[in-house]
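S.K.: Letter by letter, the chains look like this.
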Amino acid sequence: MSASESASPADWPATLWSGPWEAALRKVAAWPRALEIARRTRVGATPAEPVYGVDKVRLLRYQSEDPAKFEEPLLFVFALVNRPYILDLRPGKSVVRHFVDAGWDTYNVDWGVPTSADRHLGLAEYVEGYLDRMVDDLRERSGCERINVLGYCMGGSLSAMYVALHPEKVRNLILLAAPVDWSRQDHLLAKWTDPRYFDVDRLIDAYGNAPASMLQGAFLLLKPVANFVEKYVSLYDNLEDERFLEDYFAMETWLNDNIPVAGEMFRQFVKYCMQENRLIEGRLKVGGRGVHLKDIVCPVLNLTAQNDHLVPCGQSLPFNDAVGSTDRTAITFPAGHIGLAVGSKANRDLWPKAVQWLAERSR
Amino acid sequence: MGVVTNQQSSTSDAFTQMWLDMMSQFGTGLAGAGAPAGEAFGRQLRKSFFDAWARYWEEFLGSEAFLESMKKGMESSLAMKEQMDRVVRQAMEGSPLASASESEAMIQALRRIEESLHGQLRSLTDRVAALEEQVAGKSPSRAVRGRGTKGGSA
Chain A
1 MSASESASPA
11 DWPATLWSGP
21 WEAALRKVAA
31 WPRALEIARR
41 TRVGATPAEP
51 VYGVDKVRLL
61 RYQSEDPAKF
71 EEPLLFVFAL
81 VNRPYILDLR
91 PGKSVVRHFV
101 DAGWDTYNVD
111 WGVPTSADRH
121 LGLAEYVEGY
131 LDRMVDDLRE
141 RSGCERINVL
151 GYCMGGSLSA
161 MYVALHPEKV
171 RNLILLAAPV
181 DWSRQDHLLA
191 KWTDPRYFDV
201 DRLIDAYGNA
211 PASMLQGAFL
221 LLKPVANFVE
231 KYVSLYDNLE
241 DERFLEDYFA
251 METWLNDNIP
261 VAGEMFRQFV
271 KYCMQENRLI
281 EGRLKVGGRG
291 VHLKDIVCPV
301 LNLTAQNDHL
311 VPCGQSLPFN
321 DAVGSTDRTA
331 ITFPAGHIGL
341 AVGSKANRDL
351 WPKAVQWLAE
361 RSR
Chain B
1 MGVVTNQQSS
11 TSDAFTQMWL
21 DMMSQFGTGL
31 AGAGAPAGEA
41 FGRQLRKSFF
51 DAWARYWEEF
61 LGSEAFLESM
71 KKGMESSLAM
81 KEQMDRVVRQ
91 AMEGSPLASA
101 SESEAMIQAL
111 RRIEESLHGQ
121 LRSLTDRVAA
131 LEEQVAGKSP
141 SRAVRGRGTK
151 GGSA
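One line per chain: the protein sequences are A and B, in this order. Under my numbering, the first sequence has 168 at position 168, and the numbering climbs by one with no breaks. Under my numbering, the second sequence has 7 at position 7, and the numbering climbs by one with no breaks.
Note that these hints are calculated values from the structure, not bench results. Do not rely on the hints blindly, as some may be mistaken.
Mimicking DSSO-like on lysine-lysine, the simulated pairs with C-alpha atoms at most 30 angstroms apart in a straight line are [to be verified]:
(1) A:K271 with B:K81
(2) A:K345 with A:K231
(3) B:K47 with A:K271
(4) A:K231 with B:K47
(5) A:K56 with A:K353
(6) B:K72 with A:K191
(7) A:K93 with A:K231
(8) A:K271 with A:K93
(9) A:K353 with A:K93
(10) A:K223 with B:K71
(11) B:K47 with A:K27
(12) B:K72 with A:K345
(13) A:K271 with B:K72
(14) A:K223 with B:K72
(15) A:K271 with B:K71
(16) A:K191 with B:K81
(17) A:K294 with A:K271
(18) A:K285 with A:K191
(19) B:K81 with A:K223
(20) B:K81 with A:K231
(21) A:K27 with A:K345
(22) A:K223 with A:K271
(23) B:K81 with A:K93
(24) A:K56 with B:K81
(25) B:K47 with A:K191
(26) A:K93 with A:K223
(27) A:K294 with A:K191
(28) A:K93 with A:K27
(29) A:K345 with A:K294
(30) A:K191 with B:K71
(31) A:K191 with A:K271
Computed from a predicted model, the values in this text were never measured in an experiment.
Kindly produce the complete structure, drawing on both the sequences and the hints.
M.R.: In structure tokens, the structure reads:
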């Protein structure tokens, strides 16, 4: 017999209050507090200031109370989709913080929000233009011939192109869930961008830039049950957990902070990389120059996520065989694409290793 | 009537498959961890359902049927956007304001000038490098060449 069946009528209010009803009412009572947490959510754990800029692109420098231990600075290069603060989301969930605390003068490229005036910016403008100027500014600023680069996702692909074109400017390269080989077509994003079904030229000709809402919709639809159902069930389950709510709303802030991608850049990346796989095959040209990954000779650390639904390991790991470096390391971590940056396990177990790897190779 | 089309059949097959997946995963979970009780049981059942549902969706979103409908949906939405843009362009004709196509033509002209200047700069850089090579009798340092490009237009 259950507790409610055994209770006498006099005990009913107390028994009704217990169990699932009590839990449900507690959740309802927790909503105002949850909304207050949502309102006060702030993203970005480490103070940063812009130190250089070209057009809409800014170079952000993370502030540290301690002087840098290493001469050569570290530059984070994020994707052009979404905002770069995912790398420094919250205290305890910040990749940036690991490197700042370990003693690197740390910078991040904020690509800005492209408008219709920027729709003609392509790979050449981003890699040979903006990124090169950011790197050169850092080299002048630090007085070092070489700097360290960490590229995340599409930012990793751009970093790989850059280092292949300018190997003399980079001391160490870390790639984080960065796609370089699109030969395998067995996952959703590859199927959706297949030229038989996706006419990127017509899209960009019509819209100018790749619309943020379209990109957001596509990314959410990659995991529909997780993004449209499980996430909200999990929110309901944890409505009384303040720490969970802080992390949840910080993540939601980032996920919904979408920006468009400059049209020509999107067209070239989809066409040349995702559809024609030119990067790994050495057929990609940026600004008239051939990009050959074997020209990358610096130490390389390639970090991939085992459960990555956006960039499967198979798109990243071939990088280590394609480069000319002799010092190549690959780590596949049990996490998802975003979990690799903000996951508690990754922050505890993966990033200290990455920091150590870089420290052993830094000046 | 008992007529079942191929599409209905494949949908029901996929649903049956999802259901079987869920039950099988749930059964495996129970066998591995021992029978959970109360809330833990509910959570495990829910997780099994979500996992199976997610696999079902992933299969559907990669299916030929979905890809074809995605293509058609995108084509119609782009056709509508193109039509609207045409209407706006026609309405703008005769207006003293610069139209989008005129701005576009101006941007294209600027881009052509920019590309031509870049080409000339690249050719000059190569000639200087070749001269340096001749003078020094060895290959010039790439770092010096790299620094020389700083300040160039993005």
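S.K.: Decide, hint by hint, whether the structure agrees.
M.R.: Do the hints match the structure? See the list:
no.	hint	verdict
1	A:K271 with B:K81	22 angstroms, holds
2	A:K345 with A:K231	19 angstroms, holds
3	B:K47 with A:K271	38 angstroms, violated
4	A:K231 with B:K47	12 angstroms, holds
5	A:K56 with A:K353	34 angstroms, violated
6	B:K72 with A:K191	15 angstroms, holds
7	A:K93 with A:K231	19 angstroms, holds
8	A:K271 with A:K93	34 angstroms, violated
9	A:K353 with A:K93	16 angstroms, holds
10	A:K223 with B:K71	20 angstroms, holds
11	B:K47 with A:K27	21 angstroms, holds
12	B:K72 with A:K345	42 angstroms, violated
13	A:K271 with B:K72	20 angstroms, holds
14	A:K223 with B:K72	22 angstroms, holds
15	A:K271 with B:K71	17 angstroms, holds
16	A:K191 with B:K81	24 angstroms, holds
17	A:K294 with A:K271	22 angstroms, holds
18	A:K285 with A:K191	25 angstroms, holds
19	B:K81 with A:K223	28 angstroms, holds
20	B:K81 with A:K231	33 angstroms, violated
21	A:K27 with A:K345	28 angstroms, holds
22	A:K223 with A:K271	24 angstroms, holds
23	B:K81 with A:K93	41 angstroms, violated
24	A:K56 with B:K81	28 angstroms, holds
25	B:K47 with A:K191	27 angstroms, holds
26	A:K93 with A:K223	23 angstroms, holds
27	A:K294 with A:K191	28 angstroms, holds
28	A:K93 with A:K27	27 angstroms, holds
29	A:K345 with A:K294	33 angstroms, violated
30	A:K191 with B:K71	12 angstroms, holds
31	A:K191 with A:K271	13 angstroms, holds
Comparing the model with each earlier hint shows violations of hints 3, 5, 8, 12, 20, 23 and 29; every other hint is respected.
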